[in-house]
Every structure is written in structure tokens, then in C-alpha cells.
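K.L.:
Sequence:
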Amino acid sequence: MVDTSTVSSAAAAMSVALASTAFSGVIADARWVIPALLTIGLVAGTGVFGRTMRWWPPLVVLVQGLALTTALTTLFTKQALLGFLPGPAALGELSGELTRALDLVREGVPPVPAETALQALVCLGLGLVAILVDIIAVALQAPAVAGLVLLCVYAIPASLADDMLPWWSFVGGALAFALLLASGGHHQRWQRRESRDAVAGNIFGRTTSAVAGASVVIALLTGTVFTGVGTEGRLPGAGTTGFGTSSGGVGLQPFTSLRGQLDRSRTVDLFRVRGLTRETYLRAMTLRKFDPANGWKMDGLTQGVDASQPLPLPEGTDISTGTPMRVDIEPLGYRDPWLPVFGTPEVVSGMGPDWRYDPAAGIVFTQTRQQSRPYSEQLTLSSPTPQQLRSANGPVRIDPAYLDTTGIPPEVADLARRLTADQPTDFDKATALNRFFTDPSNGFSYELETAPPSSSSALSDFLFRGKRGYCEQFASSMAVLLRAAGIPSRVAVGFTSGYQDGDARMITTDDAHAWVEAYFPGWGWTTFDPTPLDDGRTSLPDYLHREPAPGQALPPPGVSTPPTPTSPGQQPQPGVVDDGERNAVPQPGRTDTGSGPWPAVLLVVLVALVIAACPAALREARRRLRLRTVAEGGPGAAGVAWRELLDEFWDRGTRPEAARTVRHSANALIDGYALDAEGSRAVRALVGAVEREWYAPSDREPDPAVAESLREAVAALHRSAPLSWQDRLLPRSVLRR
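Quick note: the sequence shown uses the UniProt record's numbering, first residue 1, plus one each step.
Be aware that a few hints might be false.
[Claimed, not checked] List of simulated lysine to aspartate or glutamate pairs, EDC-like, C-alpha gap at most 16 Å: (1) LYS78 to GLU93; (2) LYS297 to GLU315; (3) LYS467 to ASP439; (4) LYS289 to ASP399; (5) LYS297 to ASP404; (6) LYS289 to ASP299; (7) LYS467 to GLU447; (8) LYS289 to ASP404.
In short, the hints are calculated from the structure, not lab data.
Required output: the full structure, derived from the provided sequences and hints.
P.N.:
Have a look at this one:
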């Protein structure tokens with residue numbers, strides 16, 4: 001006969017391999033796949049060998065652990081003894097690789113390259129999962145419970161990935177669980193050739209229940225930890241603990257909020273810029289997706305092109321005329337995956353390897369949060385006139401997502417129509433919307449805290465009632481109004497041009513800023529800034545200076561109104577997160593309650609309690625169903641009553657051998673639990689009803705006394721052998737079917 005443990009081991013290994021496809025959503029290439037498959041296969045093969053040799057089960061697990069260590073040292077170290085044995089030097093090297101991998105996890109922005117260190121970490125994790133699944137599905141014969149462990153495999157990449165995992169990874173997960181269930185079903189069918197009840201007594205155990213509960217708790221704790229280490233699960237700058245780096249540094253948050261407050265006690269120097277002949281914004285990233293519940297967030301970032309090569313024009317931009325410029329940028333306290341650039345970048349150099357440029361988003365980025373080297377940028381500062389922007393026409397050659405109006409409240413869309421109804425061109429509409437926020441007569445004011453919420457829509461609260469906030473709220477709101485008016489828009493996050501410091505400009509955390517970019521055919525993305533600052537920190541383009549607010553006079557021809565340089569210590573700006581101050585800064589879209597890890601701990605405890613209560617709840621549901629069937633007295637009622645009585649005995653640790661007759665089993669149970677006379681009579685009466693039901697002619701009327709016999713037998717059993725609280729919480733009849 002086929003060895004069922006071998007089949008179950010193979011199914012367990014295949015299920016882990018299929019579940020591992022979830023990591024394709026957070027790892028950029030497939031170099032990790034072959035080492036992972038080899039590791040899983042070695043763990044499974046070791047388990048099969050150990051069980052074939054009839055080793056003590058804990059010894060099998062120990063040898064599987066040694067096999068996993070050997071696989072890791074063979075695949076990922078150069079100092080293994082004889083090329084594969086895990087000696088001290090090899091273990092030290094492996095430890096270094098795993099440490100480096102954890103740094104990549106903390107600092108990486110998925111999808112990350114499958115570097116050797118990351119491959120080692122993935123293989124270690126999948127190897128441990130393979131051992132655990134092997135224990136549950138094969139040694140404990142509880143394949144269904146092993147599905148919880150596979151769910152844990154999905155939990156980590158799902159929490160880290162910003163986008164949905166590939167659809168085929170979910171197909172792999174479904175196949176993985178189906179394999180486990182199928183292996184359990186085949187195992188039971190093979191075993192029934194020997195003993196039907198022997199199978200029922202071997203599949204689940206209390207140890208299985210404990211392992212399952214521990215697996216879920218560990219998975220929840222792991223998910224809580226991993227989503228806070230600085231990857232896309234919590235967008236860069238979004239976590240209260242930052243990226244886990246000890247070197248400090250400041251990074252930007254790639255999303256905006258429609259509610260919140262701003263509180264910063266110190267100024268950090270971020271960049272020293274030389275060669276900037278005209279003040280303009282330093283753009284780090286752009287946000288194209290509007291989330292009505294929170295604000296704007298990054299979406300659709302592609303792998304782009306190598307940023308060390310000459311850069312293409314942004315998508316939808318045909319005109320590259322303007323002021324050419326070369327600037328040198330020296331990062332000081334800035335550390336992030338986003339490399340800020342001025343204007344339209346043409347060539348960026350000196351920043352180090354592995355930087356990419358997405359021409360659609362206008363973003364220079366890398367896969368890890370890092371300190372950039374000093375870099376140079378050759379750029380063009382476009383200077384269209386209002387008339388040129390009014391006459392801009394042609395196809396909109398950008399992603400339709402920049403016109404997405406999903407989630408915009410009807411009252412906001414109506415406001416956009418009213419504000420732009422009399423404007424003949426898209427440029428006039430955009431300037432009218434910009435002026436709506438900057439004109440003091442409309443009641444908007446720059447403050448470090450938004451008004452208390454008065455409805456479920458933060459956007460409507462800001463536009464119609466609160467009318468106070470900082471640049472995130474103003475930029476977010478104007479970008480929504482632009483889309484409602486049919487103009488492609490996005491929110492840009494970065495910095496104003498800072499203050500003059502000798503022959504350079506110094507940009508600090510006080511200069512962090514969010515503004516709006518609207519698209520005009522041919523000219524591409526143009527800057528608008530609706531934040532009503534009066535301290536001169538904004539760097540408005542000429543076409544906005546030439547479009548004054550009502551009641552203001554135009555400046556003389558050829559003369560622009562330069563913004564007043566700022567100096568350190570002025571009002572702080574949103575969007576910056578200092579590694580040393582993250583706990584003090586409420587994050588956009590979230591409420592900083594200062595609760596720390598307690599919500600996660602309480603969630604873990606709650607889930608653990610629910611899981612612990614499941615076996616008892618299942619037992620009670622089964623008991624009620626059987627009692628109702630017995631009370632109705634239909635065909636098969638006696639057999640149902642007998643199964644319920646057997647489960648009562650099984651909950652107390654006794655299950656009759658399958659070879660015994662019903663009467664023989666009943667006598668053994670009566671003697672074993674010393675049932676009183678009333679209970680003994682009830683059990684024997686029930687046995688008689690079962691025998692008549694099973695062996696008498698089928699047209700015989702059901703025995704109406706079955707329900708009463710069952711009730712008296714169970715009551716007698718409770719008198720002679722009451723259940724302990726452990727047996728009530730973890731009934732054997734549920735855990736060992």
C-alpha cells in the first residue's frame with residue numbers, strides 16, 4: 001500500500017511552494033524561486049526519510065532544522081565546511097547576510113531586487129514554514145489547520161505591497177489549500193481499509209490546536225512588525241517608528257491628508273543648492289490617486305528608465321523651451337527613496353547607482369531609502385505666458401487616471417462648475433480655482449490645524465465650513481476641483497526654494513510643501529499653488545504673477561513679483577518626517593492617539609480568544625443539532641443519539657475500539673465510568689434502540705424513548721465524570737474527528 005505520509009509530505013511541500021508565489025508581489029525578479037524550491041524540497045525530503053526510518057518525531061523536526069541550515073549555508077555562503085556544512089565561519093557569514101536582508105526589508109520600497117541577502121531571508125522563512133506545515137499536515141495529520149500557516153505566508157507580502165498581489169498568486173494559494181485538504185482526504189480513505197474509527201482518533205489533537213493558535217498569533221504579530229518597517233505596507237514616512245534606521249534623516253510622506261495638524265519644534269537642514277538662478281519648487285514626487293476618505297496618494301509608479309542616462313521629456317510634453325540651468329544639490333539631512341529635482345530634468349548625475357526616472361510621474365526614485373550623494377541636475381524651467389497656456393490645445397496624451405473623478409462629492413463637483421462657469425479656457429478655469437483659495441474674501445486661511453470635522457467628508461468640511469489648514473489641504477482640494485472641471489491634475493510634494501545662504505540656497509524642513517500641477521497639451525504639467533501664504537515662501541511662476549487676485553493691480557510689463565526669501569525658523573510645512581521625531585508628528589490620514597502597540601496586542605488577544613472558543617462552539621452547535629434530530633424522532637434518530645453519546649465519552653478521553661459491537665462498547669463504557677443504575681439502564685435502552693434501527697426491518701416505527709434515554713445517559717455521565725474546563729474548551733470530539 002502507498003505510504004500515506006510520503007503523499008502528505010509531498011502535498012505539504014507543494015502547498016508551501018504554491019503559497020510562496022505571493023512574494024512575487026514584493027520581489028522584483030525571480031532569482032529567489034529556485035533556491036526557495038530547493039529549500040522546501042530538502043525540508044520535505046528530510047521529513048520523509050526520518051519517518052521512513054521511524055525516527056522519534058521530535059528528532060525528525062530537529063533534523064529538518066539542520067537540513068534547512070545546511071541548505072542556507074550551501075546556497076548563500078562561501079565558507080561552508082566542505083562546501084556545504086554549516087561551520088562557525090559559514091554561520092557568521094549567513095548571519096551577516098540575514099542582517100543585511102533585514103536592512104533591505106526596513107529600507108526597501110517594494111518591489112525590491114532579489115539580492116542574495118534577501119534570497120537567504122526568504123528561503124529561511126519558507127523553510128521554517130515548510131517545517132511547520134509538515135508537522136501539522138503530516139505528523140499531526142491536520143492538513144486543514146496547516147492552511148492557517150499558509151495564510152501567514154500571504155499576510156506578509158500582502159501587508160508590504162502597495163498594489164494588489166498578482167491574481168495567479170491567489171490561484172496558487174487556493175491550489176495549495178486544496179492540496180492539503182486532498183491529502184487529508186486520501187489519507188483517511190486509505191486508513192479506512194484498516195479501521196474506520198482509527199482514522200477518527202488520529203487526525204486532530206490538542207497539540208494541533210495549540211500549534212494552530214500559536215501560528216495565528218505569531219502571524220498577527222509578524223504582520224504588525226513587518227508593516228511598520230518602512231516598506232509600502234506603510235508608505236515611506238507613514239509609520240510611527242520610521243524605517244528603523246539609526247542614522248537618522250528626513251523623508252517625505254507620499255500622500256496628503258484632508259484633516260490633521262502640524263507640530264514641529266525644530267528645523268533640520270535638508271539640501272544646499274548652488275546654481276539656482278530662479279526660485280522654483282523642488283519636486284520629490286507626484287500623487288495621482290484621490291482617496292475621498294484620506295486624501296491623495298501615489299499610484300501607478302512604473303519602473304521607468306535609468307536615471308543616469310539622458311532623460312526623456314515628461315509624457316504629454318512637446319515643448320521644452322524655457323530657461324536652461326545646471327544646479328548642484330547637496331543632500332544634508334535628507335534620506336528617502338525619492339530624489340528631488342527642479343523643473344523638467346534632462347540629465348541627473350552623481351547620485352549613485354540604481355536610481356530610476358518615471359517620465360509619467362516626473363519622479364526620480366530608487367528601491368531603497370538611502371542617503372543620496374551630492375548630485376547635479378541639468379534642467380529646463382518652462383516659462384509659458386498666460387496667453388500661451390490659454391491657447392494650448394490638442395489631445396491629452398497622459399494616463400486617463402489623471403482625469404479620474406471617482407469619489408468626488410456632488411457638492412464639490414457643483415462648486416467647481418460654478419467657479420469655472422464663466423471661464424473660456426482651461427487655463428482661466430485653473431487660475432479661477434487657484435484664486436478661490438488665495439482671495440481673502442473667500443475666507444480661507446493658512447493654519448497649522450484643520451477645523452474639527454462636522455461631516456463624514458473631510459473635503460466638503462474644508463471647502464464649505466472649516467476653510468483653514470496647511471498646504472496639504474489646499475493642494476488636495478484644488479486638485480480635486482480641477483478634475484471636477486475636466487482638467488487633468490495631480491498633487492506634487494517637495495520643497496520651496498528655501499533661503500539664500502551665501503552663494504547657495506539652504507532648504508530645510510520648514511520648506512516642505514505641497515502644490516498642484518495641472519496639465520495643458522504641449523506644455524505638460526504646470527504649477528499652481530492655492531496655499532494662501534503671506535510670508536513669501538511660495539515660488540509662483542510668472543503666469544500666476546500676471547494673473548492677480550481681484551482688486552490687485554497688474555505689475556508693470558516685464559516685471560515679476562519675486563517671492564521674499566525665507567529664513568530658518570519660520571512656520572513648519574507638512575510632508576516631512578524626521579526619524580527622530582516621528583512619534584511626535586501625527587501622520588496624514590491617521591489620528592495619532594499615542595496608543596503605541598496596544599491596539600495590535602489587543603487585536604492579537606481578541607483573535608486568540610476567538611480561535612480558542614471555536615472548538616467549544618463547534619461542539620455545542622453539533623450537540624444542539626443532534627438533540628433536535630433525536631427529539632424529532634425520525635429515521636436514524638437512534639444512530640444520531642448513539643454518536644452523541646460516544647462523543648460525550650470521547651470528550652472525556654475514551655473511544656471504543658472499532659472492532660467492538662455496540663453492546664460490547666456500551667458495557668465497557670458503563671464499567672469504565674461506573675455509571676449509576678439509572679445511567680446504565682439508559683445506555684442499554686439506547687443500545688437496544690440502535691440495534692433495532694440498524695438490524696430490524698426498515699418499516700419499523702422509530703423508538704419514541706430514544707431522546708429520554710440519551711438525556712438520562714448523558715446526565716449520569718456528567719454525575720460520574722464531570723468535564724474539566726480544559727475538556728470543555730478543547731473537546732476531543734471536535735479536535736480528533
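K.L.:
Is the Cα-Cα distance between LYS289 and ASP399 16 Å or less?
P.N.:
holds (12 Å)
K.L.:
Please verify whether LYS467 and GLU447 have alpha carbons no more than 16 Å apart.
P.N.:
Satisfied, since the Cα-Cα distance of roughly 10 Å is no more than 16 Å.
K.L.:
When you check the alpha-carbon spacing of LYS467 and ASP439, does it fall within 16 Å?
P.N.:
Roughly 12 Å separates the two Cα atoms, so the pair holds.
K.L.:
Keeping to a limit of 16 Å between CA atoms, is the pair of LYS297 and ASP404 held or broken?
P.N.:
holds (13 Å)
K.L.:
Is the Cα-Cα distance between LYS289 and ASP299 16 Å or less?
P.N.:
Since the Cα atoms of LYS289 and ASP299 sit roughly 6 Å apart, the hinted pair holds (cutoff 16 Å).
K.L.:
Is the hinted pair LYS297 and GLU315 satisfied, with a Cα-Cα distance of at most 16 Å?
P.N.:
violated (20 Å)
K.L.:
For the pair supplied as a hint, LYS78 and GLU93, is the alpha-carbon distance within the 16 Å limit?
P.N.:
holds (8 Å)
K.L.:
Within 16 Å, alpha carbon to alpha carbon, are LYS289 and ASP404?
P.N.:
Judged against 16 Å, a Cα distance of about 8 Å means the pair holds.
In this structure, only the earlier hint numbered 2 is contradicted, and the remaining ones agree with it.
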